[in-house]
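Colleague: As a plain string of letters, each chain reads:
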Amino acid sequence: MTLTAIQGVRGSYSEEATIRILGPSADILECRDFEETFAALSAKKADFAVVPVRNKIVGEIEAAVSLLQSNRMKVLDELPLRVKHVLAGCGGARFEDLQTVRSHVEALKQCRRFLTANPQLKQVIGADTASSVRRIVEEGAVANAAIGSRRAAEMYGATIILEDIADDLDNWTTFYLIGN
Amino acid sequence: MKLEESRKKIDAIDTEILILLNRRAEISREIGLAKASAALPVADPRREDDILRCVVRENEGSIGDDAVAEIYRTILQESRRIQVEVQRELAITRQDVYK
Numbered sequence: 000m001t002l003t004a005i006q007g008v009r010g011s012y013s014e015e016a017t018i019r020i021l022g023p024s025a026d027i028l029e030c031r032d033f034e035e036t037f038a039a040l041s042a043k044k045a046d047f048a049v050v051p052v053r054n055k056i057v058g059e060i061e062a063a064v065s066l067l068q069s070n071r072m073k074v075l076d077e078l079p080l081r082v083k084h085v086l087a088g089c090g091g092a093r094f095e096d097l098q099t100v101r102s103h104v105e106a107l108k109q110c111r112r113f114l115t116a117n118p119q120l121k122q123v124i125g126a127d128t129a130s131s132v133r134r135i136v137e138e139g140a141v142a143n144a145a146i147g148s149r150r151a152a153e154m155y156g157a158t159i160i161l162e163d164i165a166d167d168l169d170n171w172t173t174f175y176l177i178g179n
Numbered sequence: 000m001k002l003e004e005s006r007k008k009i010d011a012i013d014t015e016i017l018i019l020l021n022r023r024a025e026i027s028r029e030i031g032l033a034k035a036s037a038a039l040p041v042a043d044p045r046r047e048d049d050i051l052r053c054v055v056r057e058n059e060g061s062i063g064d065d066a067v068a069e070i071y072r073t074i075l076q077e078s079r080r081i082q083v084e085v086q087r088e089l090a091i092t093r094q095d096v097y098k
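Protein sequence lines correspond, in order, to chains D and X.
One point on numbering: in numbering that gives the first Met the number 0, the residue at position 36 of the first sequence is 35, and numbering is uninterrupted.
One point on numbering: in numbering that gives the first Met the number 0, the residue at position 73 of the second sequence is 72, and numbering is uninterrupted.
So that you can see chain X by itself, here it is in the shape it has in the complex (with noise of 0.2 Å):
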């Protein structure tokens, strides 16, 4: 009984960081927009840099920071892949391009 109340739990966790990482995904979507018309780099390993050194600064639970950091490592190349998307779906429709 216990056990599957706890992964009731879990279940429920998993659907609420989903969300997060959705709602995180839009948000860096966003931030892809607005480097295209800002002609600024999607690619911004300095930045990355002080978001991985946070995180894991800010890590007290039971997880480990190499865990944490890698974690984080696939969200922000997931973020880097949504980022290019927006700006090669900008180019394409762009037309005059070759004028």
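Chain D on its own, in the form it takes in the complex (with noise of 0.2 Å):
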């Protein structure tokens, strides 16, 4: 059985490309940042990751890349994703209801306009976008929402209260598969 780790939990982008890269029966260790992907390909408890290098709008995914470069891993396989992502929140949560806006740094970078044209909508940096929609509906107040995928949204049990919220509708992030 082989391993892929990625930043972040299922409904993640990094799990989506992950399919899109080695197919729907790709076991997934989920990371809870870079870090953990890295050292966990690097101590071979996974066999590959999945992560984000380059994104349409914001450029190079510092974080990624640099960890990339430090720990000279191989790029197996490179995959260009299209990234849609929705703002996701609690049943019958109305936009107006909405205080706080819960997502992934690079995810909130994405949506600077929508977040600028909002500003009642305070930001939190959460561990990656599937985690913070998670998150959200887990802690169940109608005034909090998140930024992440159809797929997040649709796993965790949110309701999608807008779509296509990215400074760019043609956004794609690029991922690269690594290994040792």
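The set of hints was computed from the structure by calculation and includes no laboratory data.
Just so we're clear, the structure is a prediction, and the values are computed from it rather than from any experiment.
There could be a bad hint or two in this list.
To be verified - Here are some chain X residues pointing at chain D (derived, C-beta under 7 Å):
no., residue
1, 42
2, 43
3, 44
4, 79
5, 87
6, 90
7, 91
Stated by the list, open to error - Sample of chain D residues with no beta-carbon within 12 Å of chain X, all distances over it, derived:
no., residue
8, 31
9, 56
10, 70
11, 112
12, 121
13, 133
14, 173
15, 179
Backbone N, C-alpha and C fix where the C-beta goes; we use that ideal spot for every residue, glycine too.
Make one complex out of these two single chains by using the hints.
Modeller: Structure follows, in structure tokens:
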């Protein structure tokens, strides 16, 4: 059984990239951050890792790229993935109820125009997009929303309040499949 | 002697509470499955507000209303966690998500 480390939890864009590269039966090791993802690969707890390296809106994903360079790992494959961010909330939540929006820092950056136009939404940095969606559902407050994928919203039982909230609707992130 | 008897009664009640909480959790899991198949959201804050109001209204015992509400908030939080896990398990087993 081969195991692939990703930064974040199931429902993240990294999971989607993994499934697109390795197929739907790929076994996933969920890691808290990029450091843990690379450490899992170095320690051979995982056979591969899938990490985002570039995004069309924000450019290089510095945290991942610097670890990739310092760990000298092999890039085995590359995948450009269409990224469509939704604003997810709890059941019955209306946009006017919202006070906070949680997501991965890179996803928040990709939605800068939307967040600037809605300064009433306090930004909260979460570990990754999918766990941010999961967290706001588990908190169960109508005031809290998260930015993530449609898959994450469906996976964790959130309601989609708004779709396509990134600055550029043609938003892409490039992922690398890496190995030792 | 009296203290020991009272403690035995408390232990028996705690066991009953635990059985009931787990029974409630199982039903919550069933609701999670029903929500997943109907594509309904897990968290339903308005329904939860109704439950909290109802249990506080029905509380006529020694426990304070704030304590009842706090206990129920914890129960409801655990229900959400269970239902999120149900949705997640179902989503992971779906093979066609990214076709």
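Colleague: Hints broken by the structure, by number, lowest first?
Modeller: Going through the list in order, the structure violates hint 13 alone and respects the others.
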